[in-house]
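Trainee: Chain by chain, the residues:
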Amino acid sequence: MAGFISLFQAAVVFGTVIMFGAVGEIITEKSGNLNLGVPGIMYLGGIASLAGVFFYESSTENPNKFLCIIIALLCGFAASAFGGLIYSFLTITLRANQNVTGLTLTIFGSGVANFFGGSLNKLAGGVGQISVAATSSAFRTSIPGLSKLGAVGKLFFSYGWLAYVAIAVAIICQWYLKRTRSGLNLRAVGENPATADAAGINVKAYKYVATCVGAGISGLGGVFYVMDYTKGTWSNDGTIENLGWLAVALVIFTTWRPKNAIWGAYLFGILYWAYFYIGGLTRSSQEIFKMLPYIVTIIVLIVISLRKKKENQPPQALGLAYFREER
Amino acid sequence: MNNDVAVSMQNITKAFGTKVVANDDVSLDVKKGEILALLGENGSGKTTLMNMLSGIYHPDSGKIFVNSQEAVIRSPKDAYDLGIGMIHQHFKLVDIFTATENIALGMKKDVSGSNKEIAKGIKDICDRYGFDVDPNQKVYNMSVSQKQTLEIVKTLYRGANILILDEPTAVLTPQETEKLFSVLINMKKDGKSIIIITHKLNEVLAISDRVSILRKGKYICTIDTKEATVMSLTEAMVGQKVELNIERNNVKNKEERLIIEHLTCLNKYGTKALDDVTFTAYGGEILGIAGISGSGQKELLESISGLHPAEEGSSVIYVKPETKEKTQLIGKTVKQIRDLGVAMSFVPEDRLGMGLVATMGMADNMMLKSYKDNRFMFTSRRDSRKLAEKKKEELEVVTPSIYTAVKKLSGGNVQKVLVGREISSDPNLFLAAYAVRGLDINTSYTIYNLLNERKENGCAVIYVGEDLDVLLALCDRIIVLCAGKLNGIVDARTATKEEIGMMMTHLNEEGEEDGNS
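From first to last, the protein sequence lines are chains Y and D. First residue of the first sequence: 23, per the working numbering; consecutive thereafter. First residue of the second sequence: 22, per the working numbering; consecutive thereafter.
For reference, chain D alone in the conformation it holds in the complex (with noise of 0.2 Å):
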């Protein structure tokens, strides 16, 4: 094995329960002082590649060599030993400790020496490669760039030569960016060697060595970054188009439904999650949202439907169908924003998380929606049952009975039952987001029947997806989102997946490219 590669990756493999295949027969290599990136769209098992590495998950299959030497990592201690190092997304660090006792942490006392030691270390590798750490402030005290930085400088002083970094620039502003990408080439002339896990094709060409692609879990390949083009690399990224054949009626009756106009809203950070936001959907046609994840997506459908505050400035106008009366949705409530027609299917990771109550069963679940229509204080349990026996049968959600608890079913039939019960009030504007995650191929195509049929009855329907296939084949329209801005609408039948990838990537306006959009 050739002497100047760190970590090599070989045949690995990683299943989640017996259907979802996070990595497939990935082989990677990673060579001394060099920064390579890892490039993927969302779901396409980069970060689990990673957490193989980094002791969080074991591979089924394959092996992993550290300096030519085969090592099996079972736990984050073992990456550790081995000189492997993640800065995860969420950072690893204990609010109410300080700088020093965060790095302390786990660490032997007669290896790390006392606190002073452990600051006057923390100092010297400040130093060396430029990082700015005061030993004593409270991590609650710190901003996200300072979490990170300090969640670097406690990855170097346990000594790690492989560093692992999993989106880093995804919390930091342009100049804390450029400002991490001056460390780490120091580091890199330091003879580190440096994993940066990204979906910025600007950055990859920026700051790595060579980059490696995955897709849908699969190894696709590996070029030096001097050969890459954007072009290139969105390519290999998206792959090649799947022809999907989801029915697409042609738009009838097109009339404006909600008339969206520098919509800005922010994130818990405080940065702008949407930016000045305006585009119109119309009644009668799908609109898709295309986007990689945390683009402003879930923001956008949130301050739509009420459960997310908008910045001033914004408007939100909503067009009642038959009286064309225009309603700003902007303060108003949940509540009133449903009773107007509007309705809302958000599909989190966590299935269960948003919408329904595990441990009830269909009937009471549909229920939910509705108990607030019954006159005196009881319920009629009457209504939300047939409504439930109705669904069953309609989307053949399989389950014992309308009274087993959600929790009890799989995931398809759990996300049936939310959007058959968000579709079944009728609504004039239905918000979907990630719909069909995790669902089988039959399970996707009920759901993508569904909402045509709301189409059809000429509601406007809001598709957020993750798969530009599927948003290709079964949108009229398609709105590209990039870093919360709207980078551009593009028809459906005739984009191309390259050109909605592209947008995805990078922002079209001039000027903004070169590293910091």
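The following block holds chain Y by itself, in its conformation from the complex (with noise of 0.2 Å):
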């Protein structure tokens, strides 16, 4: 049971960093727009949201918590967003190879986050490892009383506060996807292009905000993994690609459905620990349980393709630039 119980939170912990990336993703691929670069911005999210609090927190004796919560989200937010700005400015307005952008964007964040991560580091001074204590227990604080609950209280209510919250933008997202005027064009946008100018809808506006809203959630994966899981510290071990990249086969894995990210990005993070939990694996038989996700979202695919229901296709258009019919 107590074995259970830590393999449930941990997937739990890494569950909520790809569910942010994955519903962020969806969110731009329901515009057509097929952003491989989510592993960058979730590097971009997690490394100005460290950046941003920990000139806060060096400026003040007193960090306020709150604000040091503003500063992290609106930070990780607005970086995140403009590595979608990039991607859009390409995609969009240049038309350039959707693929090649998105990996790019990654390569790009990578690179970026862990050069500023670096000096961060150096910056800090004393042990060389940059630590923001004061946002981060603020991230980190669950609800009181609920979390002692015993079992249940472990299960349920042991997590920081933002692992709430991505539910709450999965469930959001769901709605406005489903239920709004909005979302149904923006649905229309990533199926029929030509169809949605023609009816006055402005495609490139649907598709830019998309895309830069879409990116700054899956950045707030990057704020999680750094502020709740990393206790705020900085280390360039390439988890967080690994897991940005897990959120872009998550969004294949729920067929494009924002409430089916929340039980799959759980599901993935217990696929995803998995080897630590099960007894007598040597370091390379660990590997092959790694890539348990991975075939997952292999499988998940062959089987939607065999069925082919029109409702679980990827949008028709995705991964295509648009452009007005001209002779």
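Note that these hints are calculated values from the structure, not bench results. Glycine included, every Cβ here is placed at the ideal spot set by N, Cα and C. This list has only true hints and no planted wrong ones.
Chain D residues, not near chain Y, derived (Cβ > 10 Å throughout):
| id | residue |
| --- | --- |
| 1 | D25 |
| 2 | F86 |
| 3 | A92 |
| 4 | R269 |
| 5 | E417 |
If the Cβ cut is set under 10 Å, some of the chain Y residues that face chain D in the computed set are:
| id | residue |
| --- | --- |
| 6 | R203 |
| 7 | L206 |
| 8 | N207 |
| 9 | R209 |
| 10 | A210 |
| 11 | A216 |
| 12 | D219 |
| 13 | A221 |
| 14 | K332 |
| 15 | Q338 |
Need the complex rebuilt from these two chains, each delivered in its own frame; the hints are there to steer you.
Mentor: Right, dumping it as structure tokens:
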């Protein structure tokens, strides 16, 4: 039981990172943009929030926790959305290839983040490890009382509040896509931009906004990872990138539905950590188990391709640049 | 200005690039509560003209008046705001959405109300004009005719008073066409103005009040349908014969090369693209194929060359010149058919779409068709380089080098490369479609000479053309296709333009003439 609880807890923490990444990417892909820069964007979000609160915390004696949170979220969201803006400008305005642009963004994001991460560690002095303790503890505050409720409390109420925000964001995105007029328009842009254009929808604006907001949401995954999981420190071990790719895989797994990202992300989290809780694995056989999330994604892809249900297919214009028909 | 004119287009000119003038000083009036037919051959500029009304294009010069007010239409939204809606040939619908969702698309919520209100609005429109739409049906479950109905309902829901339909009957069965026409008449009675783009004369006569005719981008005339006849409309549509000085030798050593019997094949909608076509092509002659676009020309060439499956009972027999050996082509692969000596040069609207790789040079493109002849796994570049250089010289292809990517060449030169390569394999049967599309006069003549050269060598040439003058001047015999049926074979030396024009637009068989061809 104790083993299961700690597996579940680890799964929820990484699942939350993946969920932010995937929900943001779903919004992006619904506009027809296949942004493979999710890992890079999560890096940008993580490092920007860290840098922002580091400068705030070191400028004042008693950092205000509320202000810490606002600064971290704002910096993380803005930097990630900026990554989305770069991507949008290249693919929508300049019509660059989406796959190449996305991959480049991933490389760019991880490079920038690790460069500044190293610099921040230097700036922090001391043991050469940056730490934003005040902000991190603010992020890691869990619901008082409830987390003490034995197994139930540990399973469901022991996480930093951003983990619950992730679920809320997924539900809001689901509702937005499914129930609002603007969500309908967004889906139309991703399915058939020519039709959307003829219906008087501003295709470019929808693509820009969806990609930037989507990137911003993805970036919150990076914020959560840095503030909650690594407790406000920076290490460049490449975990963010792994989780970023899992988020991209999770988008396929959810068949482009944010609500499926909620349980899908935790499932991916469990699959990610499974090797740790299976006894008798050697270093090399661990690696085989780390493939599990990707294998599950491939199986889902095969199943949805075989069933050919139209609603489960990727947006029809995904990956294609749109320009008005001209002769 | 007259008060019962709904839309007036005055002196509209629109050019694409510097060479192609799609509309040249066209003026047009549509009255309130009338059905105006816009008639013309392929490429006469009908759709372009209407696209300027619906906001897809913007005219280079000229004015548009809607309800006597000058209007500037820059986008489809502007057109909607003015009450103009166009139903395109390719439907603008999102497949995975329901009918209601498609109609709700792009509308402000406070204007259109909830989905329930929209569904009610759909029902009102259906009851009023006699449509049949299920608001909750997904578009991908709809038939072509249902999709078209949804498009019209969508346009009406958005408050359109002026409807433009671009060849609405092209994809419909005769029963569906009849239903559409009865709905259109209901709409007309309700005071809506309807413009219907078509090249089917029987439909013009059946439904329109007046008919405006365009020819090669120019406005010809507008007549009251009551006073029009099939003959007068055809004359106005095809115009006077233009003399072209294309060399045409008499057919020598005529021998059977391709015997086609009962060829039938289906298009992607499951209707017959070709219906029981039977004819014979001879070596040493150029056989022209005339018809309105989409009458089955593409499917004919593709089923000969093995790209399109034929239905049971079809027969395409190829006769080898030397041995007179007969081979059934149906069921053979494209490669096997090529090896028999059948070459095809199909020039689609997008020249680089079929047969050439845009980013490769002439030399490499030459190699595409021959690399399989190399013995081992390595390819020989020498042969293709020689061939490319020879073709460059022979056909005067203007290119910096045979290694320059063909996408950088002008359209005419690309076409020369394509036709040149196909001819270089010395085929016994040569299929050419729209070989001079978009080319200037001189280049066109180069291509005609190439085809004539083939004919002299005893090759059977099948030439699908758009320009009747060229077909009459170049070919020996002309087959006229109409709605997938072979409507007649004429001698190109004696036939007249009107004769062919009539055959293109009107099926010959008795009883097929009243609207259900």
